[in-house]
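Visitor: Here's the letter readout for the chains.
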Amino acid sequence: MQDVKEFRPKIVAFCCNWCSYAGADLAGSSRLAYPADVKIIRVPCSCRVNPLFILRAFQRGADGVIMAGCHPGDCHYTSGNYFARRRMTLLFSMLDYLGIERERTRVEWISAAEGAKFSKTMNEFAATVAALGENKRLEDLRCKK
Amino acid sequence: MQRIGVFICHCGTNIAATVDVKAVAEALGREPGVVFSTDYQYMCSESGQTLMRDAIREHKLTGVVVCSCSPRMHETTFRKAAEKEGLNPYMVEIANIREQVSWIHKDVAEATEKAIILGRAAIAKVHLNKPLKAGESPVTKRALVIGGGIAGIQTALDIAEAGFEVDIVEKEPTIGGKMAQIDKTFPTLDCAACILTPKMVDVAQNEKIKIFSYSEVESVKGFVGNFKVAIRKKARYVDEEKCTGCGICTEKCPQKKVPNEFNMGLDTRRAIYIPFAQAVPKVATIDANYCTMMKTGKCGVCQKLCGAGAIDYKQQDTIVEREYGAIVAATGFNPMKPTQYNELGYATCEDVVTSLELERLMNAAGPTAGTLLRPSDKKHPHTIVFVQCVGSRCDAENEKGKPYCSKICCMYTAKHAMLIREKYPDTEVYVFYIDVRTPGKNFDEFYRRAVEQYGVHYVKGQVGKVVEENGVLKVQASDLLSGEQLHIDADLVVLATAVEPDKSARSIATMLTASMDTNDFFTEAHAKLRPVESPTAGIFLSGVCQGPKDIPETVSQASAAAAKVIGLLAKDKLTCNPCVAESDEMLCNGCSSCEKVCPYGAITYTDKEFRGPNRTTLIRRVASVNPAVCQGCGACTVACPSGAMDLKGFSNRQIMAEVDAICKM
Amino acid sequence: MSHDKKQAALDEILRSSGVDVRKCMRCGKCTATCPAFDEMEYHPHQFVYMVEKGEIEKLAASPSIFKCLSCFACMERCPRQVEPAKLIEAVRLSVIREKGANHLKPEQVPALLDEDLPQQAITSAFRKYSK
Amino acid sequence: MKFSYYPGCTLKTKAKDLDRYARASCVALGVDLAELPEWQCCGAVYPMAKDEIATKLSSVRALASARDLGTDLVTLCSACHNVIKQVNNDMKTDADIALRANNYLKLDTPYKGEANVLHFLEMLRDRVGFDALKEKVTNPLTGRKIGAYYGCLLLRPSKVMAMDDAENPTIIEDFIRAIGATPVVYGMRNECCGGYVTLENKASAVKRSSAVLESAKAKGADTVVTACPLCLYNLQKNGGDAGVDVVYFTELLAEALGVK
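Chains as they are written, first to last, in the numbering used here: chain A, 1 to 145; chain B, 1 to 665; chain C, 1 to 131; chain D, 1 to 260.
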């Protein structure tokens, strides 16, 4: 009976508390929809996002991971997003090496005032990830219960 | 194992209409460690909080998850409630199922599923939460106000009144701001100078207030209660202590052709100047861009004439370092230059002016000594056309203008029209409007007076083109109610241009790490409930820097900001954010990676004795975090190569537990 | 016209013009700036409003659609980026695309010419008036 | 300096002067203006509707051929410039129009707006440079008071044309200064002359055109320059008796360069 189920990607979004999480709140209060596949994890700053968290997400079956922080120069902690940007650049080359499509990871700068941008970004990213299909690359490393 | 209670809020129908709250409560009730799970109409209400407190007591809960609105809204509320019941507040976590679920999704099944997953992630996190204790930090009992317009002045006076020290930093040579340029104020038509200048004098005479005029904020370090600010005192080439403000230099300076910014460039001033007679401080300033002595080394007239010996051509900028507990942004606005709207002739016709230029043309202290004469031929204009909404209310993608209503233009235009008709009854006045917006006490009555008593012609429509021919401004406009295109021969056209935040606001916001909206107005912590606070602790907002406002509103908000500052400065100690970094000394190898990325200098190193193998002692260099200084960004946690550094409340394990819960489904 | 037909005509105009009429704030600047105002029965702001109300039939029957000079002034100066000229063009096209509804027929042209008239004028007129 | 050149039909017939003087001036300035080997009429008015494809094709052909030649495309007639530049923008930004146009044309390489379109005036300003032009002037038009007539098509819509500030342009004024004359700025310089409506409503064209010339005259212009054959026609025929000369800007350019 079961039809072929439409593929729904699992997407983890790390959002900094001051800009992007507030941007997500604004998207919500402005009723700007984005796919339910996107689940947000709140962190104090984009610089709190350890690249290992992103690898962990891929290992556990995430199909896409997006990190959003304050615009460069506008970090609540002055310089956190610059560190984050540098770390992510390094992570990207590692993901290339692992063979995880570049489009599955994204970094965006979204301010507290940019609810519309938040929604637009998440819509675009979810569509990109959905088009790529399931992420099977790290499956063999997954803890199977 | 934790004993966790889960509370699902309906938020009236805000959540419950889209999320099957009963199903969420049931599903989360089956999660490991959850001993109690329920839903309730309004968790944030008194009875909702009681429900939570009863459950904590009865079920001996060690952790709480509330599935409700954004934690930025009510996290503190729920944590306080838990604390009252003896539960450590940091054992409470929020799953945001309103902004992130019910408000953006329509499908109930999909929304319910997502709410359950977000709830699971929060439960997974709470399993790893540890009780945290907040430290304390001292408060520097002095406030900084950036901007010396009416907003900054009022805020400073109110703070000083409560007995605290206040510094005002003003980039211009005098405080007073835009209000000092205005002729009369609506809706009472009393003169702006008569009500502003006494306040300026109060500021000057108040022992608690120090004015840094002709100064700019150079850098801001620190955090709430403990800001360190560097202020650049720009060289004014006049010794402020010696100058008596006698004004001889400003009368005798041979360089007479400097555009006078106080009069909107409608006349000229000297290279050494005092902006206006009631300036505070009343001290001269040399404009180095025009001063002959500064440019060629030949002149020195002012120095020769100055009896006080105050002129110092060699003066340099100086940097003053000051400490503050709170900072107020009162950076104000400028009317937009309508150069982009030359269909209205501003760039090419002298007699097309902005409203603020008209203020100067009508002001007794202005270039025409209060007689309304048009700039081109200094003749009295007999037909005047006002154009509303120039640059306001534009489509967001229209790069020329602003998407917001500038709020004050309808009222000041009614004021201008009325004043002109009263003083010069032989003048015909037309006001082209899209809508007349006059909410405010006695405001609509004021506008109606302009129409009914003063006979101002209000025309619903816009001006499409202004062309100057032989000294006549040919105005082509629409009259939408009669369906006509009007052609008016005018002598003067006045553009009510949009209010825009001062250009300096952006860089100040960056220094303060205070957020701004897409129009460069400062963002408030909550649009309705915390309108004078920035989301950044210790930063407050006063006046138009937060959004367009008229004078009464600006003054109210300025006093409100002062009240908030006083509330902060009245405390001796502030509770710190306990979600700070901590180093595991056993893992730390003393490499200094964390210290290098810390923006607050919160990390120091100490040599510590550790027990080595075979009863030896080892001295090792290890990092330690000063919890009063750490702001909890977490930069160090990722920089640490040995995994010694972690962030309380957002630990590696907690975040990874959330990742796992989200990916599990 | 039936409701469905009316809606279809409206949809066609909105699609073909690409204009979002709901952006209009009724300021009347388009009408204030229109050089062909005196020639027109319906003026640019009315075009926007009438399209919003779905009154395409009335507009299509009005000679106003052939009076627009295509000078783009209304588009350039509209603070809301509504672009009334594009609506006028869309309605005009919907009319001249109907068989035999050409506003200008080739046999009428010679009588309109003078020796200095540039080709550009004739080509423009054909583009604007006929299909 | 080599450019592809799109003259347009009117410049081959009624507006030969506009073309002739431009070519002569280019020789004097060392600019190689190579007429596109094949081109068709642009249609003279930009088809604004999103579903108008066929009427845009001749412009796309010209654009694609300039791209294939690897040179920027210079236009001279304001109307041609307006049409070609707007169509180029559609090809660049409107995926639907680009797809349908390419489906019709079946070019070897589909055209996606790669060509760069320059008006002759932009070529003078941005490539030759008005300072360099000034140096090449042998016969400066000293004492002449000249009003620039932009009309509608050269500047609007400004987001696409991107030549100058649409409400307060300076490009022709700067050109006038470069050839030694004094520019006269007047209010109606960017208002419509009446355009093609002159064909069936002469009275309307007379009203528009005479308003333009009176405005120029009131500011003291003895001459008005234009880049548009239809503007020239309207101002000369329908502009009334303001006593202001109306000429193509290229004529004055050739005169100043001593090649008229």
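Simulated from the structure, these hints should not be mistaken for laboratory data.
Hints may contain errors.
Claimed, not checked - Computed list of lysine-lysine pairs in PhoX-like fashion (alpha-carbon distance at most 25 Å, straight line):
1) C/LYS23 <-> D/LYS207
2) D/LYS12 <-> D/LYS260
3) B/LYS379 <-> B/LYS474
4) B/LYS242 <-> B/LYS184
5) D/LYS134 <-> B/LYS474
6) A/LYS117 <-> B/LYS400
7) D/LYS134 <-> D/LYS2
8) B/LYS378 <-> D/LYS12
9) C/LYS23 <-> A/LYS117
10) B/LYS460 <-> B/LYS133
11) D/LYS202 <-> B/LYS474
12) B/LYS256 <-> B/LYS234
13) B/LYS337 <-> B/LYS184
14) C/LYS53 <-> D/LYS202
15) C/LYS105 <-> D/LYS145
16) D/LYS145 <-> D/LYS237
17) C/LYS5 <-> B/LYS460
18) B/LYS106 <-> A/LYS117
19) B/LYS337 <-> B/LYS257
20) B/LYS106 <-> A/LYS120
21) B/LYS257 <-> B/LYS228
22) D/LYS50 <-> C/LYS131
23) D/LYS145 <-> C/LYS23
24) D/LYS159 <-> B/LYS400
25) B/LYS22 <-> B/LYS133
26) D/LYS134 <-> C/LYS58
27) C/LYS5 <-> D/LYS50
28) D/LYS134 <-> B/LYS337
29) B/LYS460 <-> C/LYS53
30) B/LYS184 <-> B/LYS474
31) D/LYS202 <-> C/LYS6
32) D/LYS16 <-> B/LYS474
33) A/LYS117 <-> D/LYS159
34) A/LYS117 <-> D/LYS92
35) A/LYS120 <-> D/LYS92
36) B/LYS256 <-> B/LYS314
37) B/LYS407 <-> C/LYS6
Stated by the list, open to error - Listing some non-contacts, in silico: residues in chain C with all C-beta distances to chain D over 10 Å:
38) ALA8
39) LEU10
40) ARG15
Backbone N, C-alpha and C define an ideal beta-carbon position, used for all residues, glycine too.
Visitor: Compare the structure with the hints numbered earlier in the document and write down the numbers of the violated ones, lowest to highest.
Guide: Of the numbered hints given earlier, those the structure breaks are 1, 4, 5, 8, 10, 14, 15, 17, 21, 23, 25, 26, 28, 30, 31, 32, 37, 40, listed in rising order.
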